[in-house]
Structure formats: structure tokens, C-alpha cells
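Undergrad: Given the sequences, and given the hints that come with them, work out the whole structure.
There are 2 protein chains.
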Amino acid sequence: MPLAEVDTPCLILDLDAFERNLQRLNGSVAGRGIKVRPHAKSHKCPEIALRQIALGAVGVCCQKVSEAEALVQGGIGDVLIANEIVGAPKLKRLVALARRARVAVCADNAVNVVELDKAARAAGLKLDVLVEIDVGANRCGVEPGEPALALARKIASSANLRFAGLQAYQGAAQHLRKVEERRAAIEAAAAQVRRTTALLETAGIRCEKVMGAGTGTYMFETASAVYHEIQPGSYIFMDVDYARNEWTESGIPRFEHSLFVWTTVMSRPARDRAVVDAGLKASSVDSGMPRVADAIGVEYVRASDEHGVLSIARGAQGPMLGEKLKLIPGHCDPTVNLWDEIVCVRREIVEAVWPVSARGAVW
Amino acid sequence: MPLAEVDTPCLILDLDAFERNLQRLNGSVAGRGIKVRPHAKSHKCPEIALRQIALGAVGVCCQKVSEAEALVQGGIGDVLIANEIVGAPKLKRLVALARRARVAVCADNAVNVVELDKAARAAGLKLDVLVEIDVGANRCGVEPGEPALALARKIASSANLRFAGLQAYQGAAQHLRKVEERRAAIEAAAAQVRRTTALLETAGIRCEKVMGAGTGTYMFETASAVYHEIQPGSYIFMDVDYARNEWTESGIPRFEHSLFVWTTVMSRPARDRAVVDAGLKASSVDSGMPRVADAIGVEYVRASDEHGVLSIARGAQGPMLGEKLKLIPGHCDPTVNLWDEIVCVRREIVEAVWPVSARGAVW
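Quick note, the sequences are listed as chains F and E, same order.
Counting in this note's numbering, the first sequence runs from 458 upward without gaps.
Counting in this note's numbering, the second sequence runs from 458 upward without gaps.
Calculated from the structure, these hints are not laboratory results.
Predicted, not measured: the structure shown is a model, and the values here were computed from it.
Be aware that a few hints might be false.
Any copy, or any two copies together, can satisfy a pair, since identical chains are not distinguished.
What the hints assert, rightly or not - Dumping the calculated BS3-like pairs for lysine-lysine here, alpha-carbon to alpha-carbon at most 30 Å: (1) LYS575 - LYS666; (2) LYS611 - LYS492; (3) LYS583 - LYS781; (4) LYS575 - LYS783; (5) LYS635 - LYS492; (6) LYS666 - LYS783.
TA: This is the structure:
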């Protein structure tokens, strides 16, 4: 089916651009001694995870147990839950999943470590647990240094847990606009990691792996020589917010927009205004409005539940009623989570439809 | 099951508050000669629509054909699609639906009216079409007055269409914070409606109905004596954004928060910070952050995909790791659209689970 005949709104993936993004990431880290573990929260789609693994990724990251369940169900054998899991029902599912696949999880709290140990014991297995340290994101994680050492000790001394390393993701650095700001933030994070691994070593606790990094900074974690695995997610799709970053340095690849919301102009009420059929329920606006692809002088300025208002500049040719347009989402992760399927297109022809198997898997 | 045992995150409805909201709306318009046609885009849930109709609503509004299909499938017999429907595949489904239920649709463009007429002819039926006029929302709709008359004439003279009235929703007025601003905006809208209906009458075209109004303004449309049906949606749930409106006038009911995202504290990394397991994929932030219910000195300040960061004021008692909290969504409509089910609770006990049948039905 030609894309032109696909009804709107729907979520489409330009396979050529997507595949170039996969290759571009691989090329940028090839031979640098770092492993790639893409974050599946961006796509929630086993078809995509399988393609990442086919190109050398060691597994995926997930944020939630239910998300990990959907990925394992889809054929992924190695999942790091790069997040804390709290509460008996989820811990029970976590250890059940760890019997079906290679699963690791993060912790930032001693009480939680006790619960993890109990759950692992009940399941009769030894669970890999990483200590999450806060390297500047101000979200989860213990402080680097002594608090991280204390928690690692607690994990290492738990009968049913194995201390598997450090999770050191600097989320707040990903969208710093200037390359130098991002580099500086990751150098500071890496220094905190180094300080912590030195303490662990002195204490006789082996820190097998350091994990972290996202699309905005992974080249700096790679260069730091302290990270073992990087966790970029958005590079496959590249949204408007990431495109606002500066990417002006040799050796830092610039990814292409491959993910779009396909939309129809449903109203042309005024010369300077068009309305499309994709609003808040089609494209998440948490990081700003979508951008109209391939259109000059046409700007998506306002979203309501089911409408997007386009402003048409004086002198610009506005789209016609019924015309279909591609929108580049402001933020790809929560946008993908709105859709049950991704319609995959190559040179404007539909090639496949991939289920977003972990859509809505937030628990 | 006690709510305390329900795993998080999930979407919960306080049935007592919800039922009071239903009664409160009914009470506020009783005896005023206006009919209630609630907007189902807020809830996307036939169970809720059926309860609204049981209390006297004449039917529901929908925004999309697929949404209307899900509501009709769920037992609703009368749906106004308060929106324009463009493109042959959707028009085909629209007229197919009009054979199963009472369905009306809006138009704001002569080309679209020709397409509607063709689709109705192909289905062998006469379709009800309203002219949408722009009464200040600056979204869809023709200008009131002569342009509306011209489009109504075109509909009335189409062999397979019936001119069914005017859709005159002032969406931009709903969140004006002051009561007087909202009243003034609706008085201006009503004046535009009056001017248009007078023109229609002079032209010998009967305007059977005028539709419009939302939760923020419906008392003013009711008082205007020009509207026949009101279309509030959010009153059943009442989100943070609507709660920011002033509601300080006798005769204007204030609705209660009945919809919550149930969430767990998954990290307590610092005295002044807690992190919950409900982020952008659990509660839409397009109209601002969620608010923590029943908590003093605890503010939800930042959302990422799967995390919400709570700031704990100096001296306030922060929640413990594992503690469950209720979040009031910033905007209920796109939040409900993230969930497959609504867990219905009465006095902290789960009473029912209602499917969000039209979740993701955006085309």
C-alpha cells in the first residue's frame, strides 16, 4: 500500500532513515571497546529490539517490569531494568522474569535491597543488582562515593543477590544544547564514577560494569573509559527536542528524523490557519510541539485533544484540505506509547506493521 | 480488593465523587430547558456514557469516527461527532455507523459537504450535518453570519444531507481563569450565534439546534437562551487545570476531583526529594504537572517518561519508600487515553474495572 493511502493519524517509521541511524550509532562506537544496550522505553517494540541486537547490541534496557515482560515475550533474552523496582507484586514478577531471561535491576535503597533479596530467595535464584548513583540527574540514585559503597556492600553480602555494577545515567545532560556543556556534564559524571569504583576496589568489591548514557551524550561516556555499556534510545527516531541540541563536532554523529505522525488537514478555516487531525492524543507535547516535516512557512503552534493548529506564514503556500503531512514528534518516547502499531514505510510504500507490544506497559 | 493492594501506577476513579459530579451537573441545569450531551472524548468509556445517559443525557459527543464506533459498540445510540471528518475511508465508516445509530457530524467547508453528500448517497441514507462556526476558539469552523449561511444552504440543498443546526463551541473560553472573563466570552459567542440564526431564519432555513459549551462555561451557554444542547466532558473528573479556574459565583457548581493516578514512591534519594513511578506515560503534562492529593508540602515538580519527581518542602513530612499516593492529573482527557482500564473505587475498595474502550481511537 502506498503511504498516501494510509489513513490518518498514524505513526510511521521511515525504514531507510531508521536503518541509517542504527548503522550510524554502531559506526560511531566501533572499535572503542564499549557495548551498546539500547533503551527500549523509546520504542517498546520487540521488532526494533531484535534489529538492534542483530547489529551487535548486547540486550536492551527497560524502565518497568511489564515493559521487560513484553520484550522478553518478543524474543529478547537480556534485559537490564535501568530503574528501581519497589513493592512485593512487582518483585515477584521481576524474579519470575529472571527465570526466563537474563535480567538485572537497579537499587538505590537498603530497604529495597532486603526486599530484592527476599524475592530472589523465594524464586530460588541469584539476582543481578546494580547500584544506581546520582551523577547529576537529581532523580533516583544514591550519592556517589561512600553511600554507593555501603549499598554495594549490602548487595554483595545478600545471599541471593549479586552486585553487578553501577548505573550512572546523567539524564539532565542529554538535552543541554551545546556540545561543550554536554561534554563537561559527562566528564563530571565520569569523575564521580571513578571516585566510586576506586572506593569499591579498595573495599575489595569488584565493579564489573558501569552503565549509562543516552543519545545526547553517549560519545562522551564512550570516550571516558569508565563506562562499559551505553544506553541510548532516541537515536533510532530523533525527535524535535533532540534536534534542538547542537551536534557540531567531528566524530559526533547527527541522527535523522525517522519517526513521524502522519496527519490530514481537516480544516482550512482561514488563509493563515490549517487544522490537522493529530493533537495531544497523537503526539506528546511535553517537550514542545511537533514540527511539520518538509514544509516551509508552516508551523504547528497549538495542540488540543484531537486537533493541531498550523500557522501559515504570509506568502507561504498552506496545505490544502485533505492533504496529508508528516509531523516530527516533539518527544518520541511518550509519543510511541500512544500507538498500538508502527507503520513501517520505505520510499513511501508500506513494508511492514510492527506492534508496539509494550504500549501502556507502565507498571 | 482494597485500593491499598492495587499495584501502581494505575488510573483510579472515586465513584462517590464521580456520582456527585454527575448529579451536580444535572442539578445545575435542571428546569432550564437545555439538554446535556456530554463529551465522551474525556472518558472514552461506554460504562461512563451509559451512566450519563441513564441520568438524562440525550447522547454523547465524540471527536473521531473510531471513537464513535467504540461508543456505539458499547451501547450508545446517539452520537454527535462534534468535529469535521475528512477523507473517503473515514466518511465510509461514518455513514456505515449512521446505519447503526443516530449519528450527526459537523462541517466547515463546502468541498467536505460534497464529500459527505457522496458518502451518504453511497450508503443510501440522509445524514445530519451541522455547520461549525468559529465563535472565538480560532480552531475549526466557518465565520458566523454570511459564511455560515452559505454553508448551511449548501447542506440544505444536498440531496443526501440534512442541515441539523450549528456547532458553536468556544473552546478558548473554557480555561479563562475569571468567571467574568468566561461569561463575557460566551456572551460574545452567543451574540454571533444569534446573528447567524437570524440570517438563517431570514433565508428560510430552519436552525433546529445550537450545540456547544464545556465544563468551564456551560452555565453561560445555558443562560444565553440560544443553545439547545451543552457538551461538557471534564466535569465528571475535574483535573488540575480546570481547578485553576475561579468558580466563585452562586449557581456555578464546583466539581470534585474524582480521577487519580495511583502511584508508588519508588525512590527516596534525599530529604527534599521523592520519586514516584508515574511519569509522562501515566499522566499527561500538556496542561501542567499533576498535583499530589491529600499531601501538604509535597509537590510534583518534574516528569520524565516513567518517573515523577516530588519536591518536599522544609519541615513537611515526605512520603516513605513504597508509600502509595494519589495524583490529580493536569489534564484528564489525554491522561485517560493512556490507560486501558479505569479502576473504580468506593471508600478505598475496588468496586469495578471499566475498559477505556476508545483508548487510542484517534482516527
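Undergrad: Up to 30 Å between alpha-carbons, please classify LYS583 paired with LYS781: within, between, both or neither.
TA: For LYS583 and LYS781, the Cα distance is within 30 Å only across copies (28 Å; inside one copy 53 Å).
Undergrad: Checking LYS611 and LYS492: alpha-carbon separation at most 30 Å within a copy, between copies, both or neither?
TA: For LYS611 and LYS492, the Cα distance is within 30 Å only inside one copy (27 Å; across copies 65 Å).
Undergrad: Between copies, within a copy, both or neither: which fits LYS635 and LYS492 at Cα up to 30 Å?
TA: within (25 Å within a copy, 56 Å between copies)
Undergrad: My question is about LYS575 and LYS783: at a cut-off of 30 Å on alpha-carbon distance, are they close within one copy, between copies, both, or neither?
TA: Close across copies (28 Å), not inside one copy (50 Å); limit 30 Å.
Undergrad: Could you place LYS666 and LYS783 in one of the four classes (within, between, both, neither) given a Cα distance threshold of 30 Å?
TA: neither (41 Å within a copy, 37 Å between copies)
Undergrad: Which holds for LYS575 with LYS666 at a C-alpha limit of 30 Å: within a copy, between copies, both or neither?
TA: The answer is within: 24 Å in one copy meets 30 Å, while 65 Å across copies does not.
Checked against the numbered hints listed earlier, the structure breaks hint 6 alone; every other hint is satisfied.
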